[in-house]
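A.B. asks: Here is how the chains run, residue by residue.
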Amino acid sequence: MKVMIVGCGRVGWRLASDFTDRGHEVSVIDIRPSSFRRLPENFPGKTILGTGIDEDVLRSGNIQDADVFIAVTEEDNTNIMSAQIARNIFHVDRVILRIYDPVRAEIYRGLGLTVVCPTTTVAGLIEEEVLFANGSESHARSRS
Amino acid sequence: MYVIVVGGGKVGYYLTKTLVNEGYEVFLIERNPVKCHIYAERFGAIVMQGDGAEAATLEAAGAGRADVVIAVTGDDEDNLVICQMAKEKFRVGRSIARVNNPKNEELFRKLGIDVTVSQTNVILSIIEQQIPERPFVHLLALRHADIAIVEAKVSAESPVVDQPIQRIEFPPDVIVSAILRDGGVVIPTGQTVILEGDEVIAVTKREREAELRHLLVD
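First to last, the sequence lines map onto chains A and B. Note that the working numbering numbers the first sequence so that position 30 is 30, with each residue one more than the last. Converting from the second sequence to the working numbering requires adding 1000 to each position, the first position being numbered 1.
Note that these hints are calculated values from the structure, not bench results. Wrong hints could be hidden among the right ones.
As the list claims (entries may be wrong) - So the derived label-pair ranges between C-beta atoms look like this:
{"id": "1", "chain 1": "B", "residue 1": "Asp1173", "chain 2": "A", "residue 2": "Gly50", "range": "35 to 43 Å"}
{"id": "2", "chain 1": "B", "residue 1": "Glu1059", "chain 2": "A", "residue 2": "Thr120", "range": "15 to 23 Å"}
{"id": "3", "chain 1": "B", "residue 1": "Leu1139", "chain 2": "A", "residue 2": "Ala123", "range": "48 to 56 Å"}
{"id": "4", "chain 1": "B", "residue 1": "Asn1100", "chain 2": "A", "residue 2": "Arg37", "range": "25 to 33 Å"}
{"id": "5", "chain 1": "B", "residue 1": "Gln1191", "chain 2": "A", "residue 2": "Asn62", "range": "53 to 61 Å"}
Cβ coordinates follow ideal geometry from the N, Cα and C atoms, glycine included.
This is chain A alone, in the form it adopts within the complex (with noise of 0.2 Å):
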């Protein structure tokens, strides 16, 4: 597969780690020289300086062989424009886009984006953890 990242934050160097490692081929965009200080040294991956939300960084970068888009800087709106790019300019098949406000997140899934939005998928999880893990005793004591 080929897999174009934006935005090698903890979460883009995670994956762009883990998509070479499965031995796909990837390329990271961010707009800060220093983020790729985090990917290892023999990174096999290609990394290009630049933002997301430009055409020409992103076909630097060949997104138009890239069989997934995945957008994952820390601002929302970027990452909502680079996918809608993405998707509806270079047609990329598979277009994954993080969203931390709700809202807009609840918007653009409606729009027909993947979206995953960790504000409510953690939230959930420390809920279920605070109310349900401990069993019945949290339980109690939560409606006490």
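Dock chain B against the given chain A, drawing on the hints supplied.
C.D. replies: Quick look at chain B alone, frame taken from chain A:
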């Protein structure tokens, strides 16, 4: 008419000021609290501090009853999301976005933004029109970019010289709307004869521009 302006930079500020003076009901959303404070002193209670891409901010600004939302921040990604939120969540009838990277105009239109304004493209087209020696000038692209108004200076070599319009085989989807000749304007009929040096203004589908240029100019 109720207009919400998002982004209180120079564009947003003067836009708000002008719209208020023209009697529109206007609301300005700006992220920077210091700017908001200054604007509130000038405009009164029509300024709010907040992130215009947040649904809660738009809601508080009354986006539900807005006729137009105009996003003029310095960041294209924010302008895009502000307009899409206004349309998708609040069903605002018209969204206008400022586009900083001129390449984004096409993308924004594809994504349903009603009007895009690119300062770079506006200035470029003014420069084009002011350079006298250019024989074929793109005057205006109309909405959704498939129709344009162009101006072409008819060259001596063109086969249309000394022909009446009805006998000229123009490309399909082209209409000659006016001819500028000797400082005056001729609104042509089928009998109007085209002369060398005429400046022909035509409405054309974008994909016919090249054929039209070839016919009149080359």
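A.B. asks: Taking the beta carbons of B:Leu1139 and A:Ala123, is their distance inside 48 to 56 Å?
C.D. replies: holds (54 Å)
A.B. asks: Mind checking the hinted window 53 to 61 Å against the Cβ distance between B:Gln1191 and A:Asn62?
C.D. replies: holds (57 Å)
A.B. asks: Taking the beta carbons of B:Asp1173 and A:Gly50, is their distance inside 35 to 43 Å?
C.D. replies: Holds - the Cβ-Cβ distance for B:Asp1173 and A:Gly50, about 39 Å, lies within 35 to 43 Å.
A.B. asks: Is it true that B:Glu1059 and A:Thr120 lie within 15 to 23 Å of each other by Cβ?
C.D. replies: holds (19 Å)
A.B. asks: CB of B:Asn1100 to CB of A:Arg37, is that within 25 to 33 Å?
C.D. replies: holds (29 Å)
Going through the hint list in order, the structure satisfies each hint without exception.
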